[in-house]
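Enquirer: Residues per chain, in single letters:
There are 2 protein chains.
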Amino acid sequence: MLHVTEADVKRLLPFSKAIELVREAYVRLARGEAVNPPRVLLSVPGGASMFFMPGHVYGQGSVAVKVARVNAANPKVSLPTVLLTIYAYDAITGVQVAEVEGEWLTAVRTAASTAVATDILAGKSVKVMGVFGTGREATTHIPMLRLVRDFDKILVYSRDKGRRELFAEKMSRDHGIPVVAADSPRRVARESDVMVTVTTSDTPVFDGRLVKPRSHVNAIGSATPEAREVDNELVKKSTVVVDSRKQALETYGDIIRPIREGAIRESEILELGEILNRKMKVVHRASDVTLFKSGGLAVLDAMITDYVLGKLVPQERAKGARA
Amino acid sequence: MLHVTEADVKRLLPFSKAIELVREAYVRLARGEAVNPPRVLLSVPGGASMFFMPGHVYGQGSVAVKVARVNAANPKVSLPTVLLTIYAYDAITGVQVAEVEGEWLTAVRTAASTAVATDILAGKSVKVMGVFGTGREATTHIPMLRLVRDFDKILVYSRDKGRRELFAEKMSRDHGIPVVAADSPRRVARESDVMVTVTTSDTPVFDGRLVKPRSHVNAIGSATPEAREVDNELVKKSTVVVDSRKQALETYGDIIRPIREGAIRESEILELGEILNRKMKVVHRASDVTLFKSGGLAVLDAMITDYVLGKLVPQERAKGARA
Chain A
2 MLHVTEADVK RLLPFSKAIE LVREAYVRLA RGEAVNPPRV LLSVPGGASM FFMPGHVYGQ
62 GSVAVKVARV NAANPKVSLP TVLLTIYAYD AITGVQVAEV EGEWLTAVRT AASTAVATDI
122 LAGKSVKVMG VFGTGREATT HIPMLRLVRD FDKILVYSRD KGRRELFAEK MSRDHGIPVV
182 AADSPRRVAR ESDVMVTVTT SDTPVFDGRL VKPRSHVNAI GSATPEAREV DNELVKKSTV
242 VVDSRKQALE TYGDIIRPIR EGAIRESEIL ELGEILNRKM KVVHRASDVT LFKSGGLAVL
302 DAMITDYVLG KLVPQERAKG ARA
Chain B
2 MLHVTEADVK RLLPFSKAIE LVREAYVRLA RGEAVNPPRV LLSVPGGASM FFMPGHVYGQ
62 GSVAVKVARV NAANPKVSLP TVLLTIYAYD AITGVQVAEV EGEWLTAVRT AASTAVATDI
122 LAGKSVKVMG VFGTGREATT HIPMLRLVRD FDKILVYSRD KGRRELFAEK MSRDHGIPVV
182 AADSPRRVAR ESDVMVTVTT SDTPVFDGRL VKPRSHVNAI GSATPEAREV DNELVKKSTV
242 VVDSRKQALE TYGDIIRPIR EGAIRESEIL ELGEILNRKM KVVHRASDVT LFKSGGLAVL
302 DAMITDYVLG KLVPQERAKG ARA
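Line by line, the protein sequences give chains A and B.
Taken in order, the first sequence gives residues 2 to 324; the numbers are from my numbering.
Taken in order, the second sequence gives residues 2 to 324; the numbers are from my numbering.
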């Protein structure tokens, strides 16, 4: 059995390839050529919440299940809030073939998914990207979205002033683009053409009324039934697209609560895979905003894990042959 | 992280302890002190079917998920039909603590579950045990059921004459009790006071009309929506008890089909944990048979895994201290 490390994933998975794989996973799922059963949640009172996320793309050599463990108190004992492991099995025999460290893979596939959505939903001539959050996923989103759009500037906001300034400085340096720490969420909401919220917030992170017409918002952080990253004002004026309608209606507060509160009807929600599959153009009124809400699909992990294993297995074989 | 082998499990888990743990798991689940979310199934067309089974008993140190992979064609490539791995995580932080080889543990917990059911549902003075099947689970059921009842004789039937004779011979020798290979299912059904079906059959393995009044049947093999081990005749004259009502109504052909065919009503089905928890006595008419149908609960795996890890971790620590 292979043990696949974060370093292996970094080495074997270029960002552009991740975008291609994620787009294909959405299309295959929309065509019924992949399976993404509802994730299972198990919560330990006073302890970790765990998600079990199996997925498979028909015809691929492996089935993957991602096991996510989340405990906001983990940093107190020097552990990450979220721990992610992906187990891969031979699709025919079921023999376990690999255990994959899942944190980097997830941050990449999530940003790739946002890039796929942004590519199809955002206008072509955008100038400013706005980012809420400074965690690992914020780090992957900045270079990833630049693969689908040219930005002049990136605005970053998070509640901790020191952290957002450090993050902006590092991102500017790493990616050779002006990244500015904004003093308020208001500034980011007003000036951005494309926004990404990658937070663990329970309440909306900006005022939806401030968002410019024809801009595009990706809300891809908190995805539990009571948590929200965006408000009803934004949802009301948006064409809403989700990664999975079923998962959205069961688990995303950003979808469940606006429906419950009458800000949007269930029938108005579109699914990204359907749009990609039918090569639909999302036509919206001039004043409209597009909103992509995503909590992450197991089938994306399965698609990417299978790709990484495919790159790794011949190398392992070659090593064996030389030994 | 610990890698727990079959040999570790054999060494650390006495059969009598397994019965005690399984009984406690059923009671804790019935009291709402454990979680056993619905198992997730993922089927690969032309390949393996995989079940993901998370479970946890509140207050225990670990959460376990069993991943079962089943492919009836595996023996053609010298692999077992069923592959079972249990992953255990720290209940508070979510850190993975162990990977456990699950085949023996499952065979023991399944037999222990049957023993718990038999202990509470079968008459006290029984003489003959009948077993359908000669696989690993048949092997654990014979010594396990002898811990809750005294039998004079055991009858065994499986379709392959050579295999059932070998199995009977080996079991007689290993356990010092007459184990007889029966020439027909009819003989087993007619003569047994307690029966166990541990088969992968899709169709009933004996004629329910032949079963003696007041006998007890454990149907614990096939548990998919279309498969049956017992017929409507048996179900009609039985008090029916299941390991989980929810799981039974969703996945056990032996429950779903008799309901659909009018042989029994959903409301008549009892749950083992409720009986154990309320210390209910299952009162039945003189002519009645009791039937226990079980497909296996993740919470039993979680309970036993936690016990095995508890036995192992101090040993590992002691080893570390000596090193």
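Hints may be right or wrong, so weigh each one.
Because identical chains cannot be distinguished in the list, a pair is counted as satisfied if it fits within a single copy or across any two copies.
Below, simulated SDA-like cross-link-like pairs (lysine to any residue); rule was C-alpha separation at most 25 Å, straight line [claimed, not checked]:
no. : residue 1 : residue 2
1   : 77        : 96
2   : 247       : 50
3   : 154       : 39
4   : 247       : 226
5   : 238       : 81
6   : 77        : 314
7   : 238       : 148
8   : 11        : 213
9   : 162       : 100
10  : 282       : 161
11  : 77        : 94
12  : 247       : 39
13  : 312       : 126
14  : 11        : 226
15  : 312       : 268
16  : 11        : 97
17  : 77        : 2
18  : 77        : 60
19  : 171       : 312
20  : 154       : 61
21  : 247       : 44
22  : 247       : 38
23  : 77        : 97
24  : 125       : 2
25  : 247       : 41
26  : 237       : 8
27  : 247       : 42
Calculated from the structure, these hints are not laboratory results.
Enquirer: Which holds for residue 11 with residue 97 at a C-alpha limit of 25 Å: within a copy, between copies, both or neither?
Expert: both (22 Å within a copy, 22 Å between copies)
Enquirer: Is it within, between, both, or neither for residue 77 and residue 96, if the alpha carbons may be no more than 25 Å apart?
Expert: For residue 77 and residue 96, only the inter-copy Cα distance (14 Å) is at most 25 Å; the intra-copy one is 37 Å.
Enquirer: Checking an output row: residue 77 and residue 94, CA cutoff 25 Å. Within, between, both or neither?
Expert: Answer is between: at 10 Å across copies they meet the 25 Å cutoff, but 42 Å inside does not.
Enquirer: When no copy is named, should residue 11 and residue 213 be tagged within, between, both, or neither for a Cα gap of at most 25 Å?
Expert: neither (36 Å within a copy, 66 Å between copies)
Enquirer: Tell me, please, which holds for residue 238 and residue 148 at an alpha-carbon limit of 25 Å: within, between, both or neither?
Expert: Cα proximity of residue 238 and residue 148: none, with 27 Å in one copy and 68 Å across.
Enquirer: Checking residue 154 and residue 61: alpha-carbon separation at most 25 Å within a copy, between copies, both or neither?
Expert: neither (40 Å within a copy, 51 Å between copies)
Enquirer: Pop the pair residue 312 and residue 126 into one bin, within, between, both or neither, using alpha-carbon distances up to 25 Å.
Expert: neither (36 Å within a copy, 63 Å between copies)
Enquirer: Have a look at residue 247 and residue 38 and pick one of within, between, both or neither, based on CA distance no larger than 25 Å.
Expert: Classified as both: same-chain Cα gap 10 Å, cross-chain 18 Å, threshold 25 Å.
Enquirer: Pop the pair residue 247 and residue 44 into one bin, within, between, both or neither, using alpha-carbon distances up to 25 Å.
Expert: both (21 Å within a copy, 19 Å between copies)
Enquirer: At 25 Å max between alpha carbons, let me know whether residue 171 reaches residue 312 within a copy, between copies, both or neither.
Expert: neither (31 Å within a copy, 48 Å between copies)
Enquirer: Quick one: residue 238 to residue 81, C-alpha cut-off 25 Å, is that within a copy, between copies, both, or neither?
Expert: Close neither inside one copy (36 Å) nor across copies (56 Å); limit 25 Å.
Enquirer: Are the CA atoms of residue 282 and residue 161 at most 25 Å apart within a copy, between copies, both, or neither?
Expert: neither (39 Å within a copy, 62 Å between copies)
When the structure is compared with the earlier hints, violations turn up for hints 3, 5, 7, 8, 9, 10, 13, 14, 15, 19, 20, 24 and 26 and for no others.
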